[in-house]
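Novice: The numbering of the sequence shown is my numbering, which starts it at 1 and goes up by one.
Careful, some of the hints might be misleading.
Lysine-lysine pairs mimicking DSBU-like chemistry, simulated, CA-CA at most 30 Å apart [to be verified]: (1) LYS70 - LYS199; (2) LYS223 - LYS68; (3) LYS228 - LYS68; (4) LYS74 - LYS227; (5) LYS228 - LYS70; (6) LYS223 - LYS74; (7) LYS70 - LYS133; (8) LYS228 - LYS96; (9) LYS70 - LYS223; (10) LYS227 - LYS68; (11) LYS199 - LYS96; (12) LYS68 - LYS133; (13) LYS67 - LYS135; (14) LYS135 - LYS199; (15) LYS70 - LYS135; (16) LYS228 - LYS67; (17) LYS135 - LYS223; (18) LYS227 - LYS67; (19) LYS74 - LYS135; (20) LYS199 - LYS133; (21) LYS67 - LYS223.
Derived CB-CB ranges, DEER-like [stated by the list, open to error]: (22) LEU66 - ILE7: 25 to 33 Å; (23) ASN72 - GLY229: 35 to 43 Å; (24) ILE7 - VAL78: 40 to 48 Å; (25) PRO32 - ILE197: 21 to 29 Å; (26) LEU41 - LEU71: 18 to 26 Å.
To be clear, the hints were calculated from the coordinates, so they are not data collected in a lab.
Where a beta carbon is used, it is the ideal one built from N, C-alpha and C, also for glycine.
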Amino acid sequence: MDSYVIIILCIASFCAGFVDAIVGGGGLIQTPVALIFLPNLAVSSIIGSLKIPAFSGTAFAANQYLKKVKLNWKLLSVMALISFLAAFLGSNLLTKVSNDFMKPLLLVILTIIAIYTFSKKNFGQHQVKEYSKSKEIILAIIISICIGFYDGFIGPGTGSFLVLAFVSLLGFDFFHASANAKMINLATNFGSICLFILKGKIIWIIAIPMAFCNAIGGFLGAKVAIKKGNGFIKTFFLIVVIGTLIRFSYDVFFK
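Using the sequences plus the hints, can you model the full thing?
Specialist: In structure tokens, the structure reads:
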């Protein structure tokens, strides 16, 4: 493999790690770049290889959040286990079928998300807890199954969807949502990695250097998010959602 291709992939991976650490959506950067510069590889091999840098960057970002945010480990443990299994199953399906049919649906969902987040000024600015423990668990299980399977099957934008789920369904503010999303994203990435290793889909010559660069980006991105706080994360969230919209719009209407 040409060295310039690996360098480009590493730069994309660093940027992806930085963005992903703040509000998710890093896959929207490194996935298209990898697909463009690795045209002769199977899509499942590319996605499988990208799970390694995604995991490393998320791990470094999660470590930074852990120093500043108190987490509900009982709730996260349940979500992480279910997300792991759902992502494993989603990645298994990815190796067998095309996922293009999901993109029009995601385009509609993201449009609604962008409009709602922009129009509702106080959305995600304060943490609101109004649920009983049982209802919180039920919502957490639904989130874990849906987003876990999505990450294993499609992938890009998972971090943003997790942040949105924590804010809109579980009543977290954006800062705490970002911190919790990192923990669940670790589980979904790990579930996919286990499946892709078993299937022999990971190309280590690109996965390892990209993992190093993604980790640096994740470390720096989390530092910025923690320093800037809730308002900055919400703004960044909107930017990433709009970027996701543009990306999916291109896929739906021009490809």
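Novice: State for each hint whether it applies.
Specialist: Hints versus structure:
1. LYS70 - LYS199: violated (37 Å)
2. LYS223 - LYS68: Within the cut-off at roughly 10 Å; holds.
3. LYS228 - LYS68: This hinted pair holds, its Cα atoms lying about 13 Å apart.
4. LYS74 - LYS227: It holds: about 27 Å lies between the C-alpha atoms, which stays within 30 Å.
5. LYS228 - LYS70: Holds. LYS228 to LYS70 sits at ~18 Å (cutoff 30 Å).
6. LYS223 - LYS74: OK: LYS223 and LYS74 at ~26 Å, within 30 Å.
7. LYS70 - LYS133: At roughly 18 Å apart (the allowed maximum being 30 Å), LYS133 and LYS70 satisfy the hint.
8. LYS228 - LYS96: violated (43 Å)
9. LYS70 - LYS223: holds (16 Å)
10. LYS227 - LYS68: holds (10 Å)
11. LYS199 - LYS96: Since the Cα atoms of LYS199 and LYS96 sit roughly 12 Å apart, the hinted pair holds (cutoff 30 Å).
12. LYS68 - LYS133: Given that 30 Å is the threshold and the Cα spacing comes to 24 Å, the pair holds.
13. LYS67 - LYS135: holds (28 Å)
14. LYS135 - LYS199: Answer violated: LYS135 to LYS199 is near 37 Å, above 30 Å.
15. LYS70 - LYS135: Holds, at about 21 Å.
16. LYS228 - LYS67: Holds, at roughly 16 Å.
17. LYS135 - LYS223: violated (33 Å)
18. LYS227 - LYS67: holds (13 Å)
19. LYS74 - LYS135: holds (14 Å)
20. LYS199 - LYS133: violated (39 Å)
21. LYS67 - LYS223: Measuring from Cα to Cα gives roughly 11 Å; hence the hint holds.
22. LEU66 - ILE7: 25 to 33 Å: holds (32 Å)
23. ASN72 - GLY229: 35 to 43 Å: Once the Cβ atoms are compared, 21 Å apart, the range 35 to 43 Å for GLY229 and ASN72 is violated.
24. ILE7 - VAL78: 40 to 48 Å: At 41 Å between Cβs, range holds.
25. PRO32 - ILE197: 21 to 29 Å: Once the Cβ atoms are compared, 24 Å apart, the range 21 to 29 Å for ILE197 and PRO32 holds.
26. LEU41 - LEU71: 18 to 26 Å: Given a distance of about 37 Å, which is not inside 18 to 26 Å, the answer is violated.
Checked against the numbered hints listed earlier, the structure breaks hints 1, 8, 14, 17, 20, 23 and 26; every other hint is satisfied.
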